[in-house]
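Number of protein chains: 2
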Amino acid sequence: MDLITLAHGAGGKLTAKLIDNLFKKYLGNEYLFQGDDGAVLSLPTSKIVFSTDSFVVSPRIFPGGDIGKLAVYGTVNDLAVMGAKPLFLSLGLILEEGLMIPELERIIQSIAEAAKITGVKIVTGDTKVVEKGKGDQIYINTSGIGVINAPFIPTGRAAKPGDKILVNGFLGDHGAAILACRENITGDFISDCAPLNDLIELILENFPVHTMRDPSRGGLAATLNEIAKQSRVGIELWEESIPIRPQVKTLCGYLGLDAFALANEGKVVVILPSEVATEVLETMKTHPLGQNAAIIGEVKNEPQGIVYLKNAFGGERIIDMPLGENLPRIC
Amino acid sequence: MDLITLAHGAGGKLTAKLIDNLFKKYLGNEYLFQGDDGAVLSLPTSKIVFSTDSFVVSPRIFPGGDIGKLAVYGTVNDLAVMGAKPLFLSLGLILEEGLMIPELERIIQSIAEAAKITGVKIVTGDTKVVEKGKGDQIYINTSGIGVINAPFIPTGRAAKPGDKILVNGFLGDHGAAILACRENITGDFISDCAPLNDLIELILENFPVHTMRDPSRGGLAATLNEIAKQSRVGIELWEESIPIRPQVKTLCGYLGLDAFALANEGKVVVILPSEVATEVLETMKTHPLGQNAAIIGEVKNEPQGIVYLKNAFGGERIIDMPLGENLPRIC
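Just so you know, the protein sequences line up as chains A and B, in that order.
Take 1 as the starting number for the first sequence in our numbering and just add one per residue.
Take 1 as the starting number for the second sequence in our numbering and just add one per residue.
Among the clues, some could well be false.
In silico lysine-lysine, PhoX-like type, Cα no more than 20 angstroms apart, as pairs [claimed, not checked]:
(1) A:K13 with B:K229
(2) B:K132 with A:K132
(3) A:K25 with B:K229
(4) B:K47 with A:K47
(5) B:K121 with B:K24
Hints were generated in silico from the structure; no laboratory data involved.
Please take these sequences and the hints and turn them into a complete structure.
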């Protein structure tokens with residue numbers, strides 16, 4: 001069996017072989033073929049978004065995705081929610097000695113497919129190898145460059161009192177799929193791992209979005225708490241309106257977790273003026289990734305920096321920033 | 001003692017605390033303070049170089065540097081050798097559970113200092129935490145963006161027969177320092193870890209460089225073999241002209257290694273027309289990082305893709321692409 005050895009990361013013959021046999025083969029494009037220490041890029045505009053994310057998800061392959069797909073979509077989504085068109089990604093691999101090369105090949109194929117789907121190019125890369133017991137098969141960093149053409153850029157600092165809060169579908173599916181895998185819990189748990197750039201483009205082209213963010217690690221709870229603090233507003237959520245699958249609710253009860261703190265990898269929170277909320281909702285529903293979209297709450301003047309949940313009976317509870325101690329390596 | 005826990009990587013309260021208490025404190029700038037999923041950047045030009053590198057060096061602290069400094073200078077140097085002015089870096093951290101927070105703080109301070117020295121800004125970042133035994137305290141990815149103003153861009157594909165090959169000083173110092181550390185060998189071994197952007201700017205402003213590359217992992221041997229293949233030329237090296245410290249030669253003999261395959265972290269190989277070689281050498285020597293610069297060889301028509309070493313007695317031997325099996329985690 002072909003295994004990754006320490007020499008594969010030493011910059012010599014075996015590194016070159018990996019580059020030729022895997023990276024150039026599956027990811028090759030005019031930039032990667034330049035073969036220099038970096039890629040020379042001519043951007044269509046000089047206003048860009050630059051983002052980075054490392055991926056250490058365990059297990060590496062899960063229902064609905066794998067670490068390769070996640071690494072591409074994760075950074076593509078981070079660029080898209082900033083109002084940028086994702087164009088170029090870098091790929092940094094940290095491999096553990098003993099990783100099977102066919103396994104690496106499958107992950108690279110998955111990266112290539114995800115790049116093709118989202119229209120981004122992997123233009124520069126790096127591979128390091130660490131000794132057995134100093135890693136966990138594969139860790140991936142992707143950094144990305146997207147270009148901005150939109151007149152306004154959504155930011156966590158721009159949510160305004162009166163704005164409505166929308167989400168494009170069921171929350172917590174990625175976190176639930178990973179946890180179910182790890183705990184050997186059977187059931188209908190599938191990660192929502194998906195590229196959001198197309199759906200987001202559709203929204204941004206037509207509506208004046210104030211804030212947009214993908215509630216990945218830390219889930220809806222972390223994302224809205226960040227926004228409430230950045231924008232100095234209160235955020236009211238409507239319990240009955242938040243789409244969560246029944247099996248995810250059950251799993252959370254079983255594991256003692258809050259579904260609002262579970263990670264998503266194909267969801268976007270959109271905050272914009274109340275007047276256009278219904279129209280945006282209808283637009284989102286026309287897209288395959290927005291079929292279960294919902295208006296889930298409203299931005300308030302007060303209490304600043306606080307997210308709270310209201311139910312139909314008038315009950316209220318604060319949704320705090322999660323601590324996260326039960327949710328390691330979710331992405 | 002304050003330790004990194006898995007919850008520090010879960011995107012909740014403890015992640016936010018790390019961001020505020022370490023990253024914003026030491027690395028803070030107008031872009032990082034945006035606090036969104038990526039940084040919005042207005043570049044002075046739309047022609048850029050994009051590069052990525054992960055750093056897994058062991059030990060993390062070594063004579064002449066540490067993993068933080070290395071992570072900044074490594075990517076800055078990759079951008080500089082491509083003819084770009086380094087402007088922006090991303091910072092991706094993979095921390096091992098149990099890392100002492102004061103240790104992380106020292107590394108972040110070192111990153112901040114290196115960024116200041118080189119005039120780059122850390123504009124976006126990400127932190128993940130893996131379980132004890134699934135990492136080695138800290139792995140760092142930096143990706144970087146530099147802008148190109150030069151009329152020509154050096155590339156590994158542009159070396160021409162007749163060109164002279166220069167290097168800015170002693171080779172193998174970084175590799176020797178790391179290996180001496182690991183093997184507990186005492187002696188005067190200090191990494192050459194340094195930012196090359198200033199020296200390179202001085203050269204590029206004044207001379208028509210064909211090829212420029214920093215011989216890091218895999219050393220001079222890997223770098224010149226890559227260039228010989230990319231440019232379809234032969235490369236002749238002059239043994240007596242290549243600056244290597246006596247103690248590094250001795251260490252290589254002791255460990256059975258080739259000094260040409262040892263990593264450098266503050267060296268640049270410059271290939272340009274013979275007519276200007278002496279003048280470039282003099283210019284390099286005016287710079288603190290070029291005091292021991294030398295002309296070490298010449299590009300030949302033949303044999304294509306081959307690097308060979310000639311000595312004063314007419315002896316010749318081929319310098320092959322290193323395999324690298326003895327040099328893991330050198331950067």
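Hint by hint, here is what the structure shows:
1. A:K13 with B:K229: The hint holds at about 13 angstroms.
2. B:K132 with A:K132: holds (13 angstroms)
3. A:K25 with B:K229: holds (18 angstroms)
4. B:K47 with A:K47: Cα-Cα ~12 angstroms, so holds.
5. B:K121 with B:K24: holds (12 angstroms)
In terms of the numbered hints stated before, the structure departs from none.
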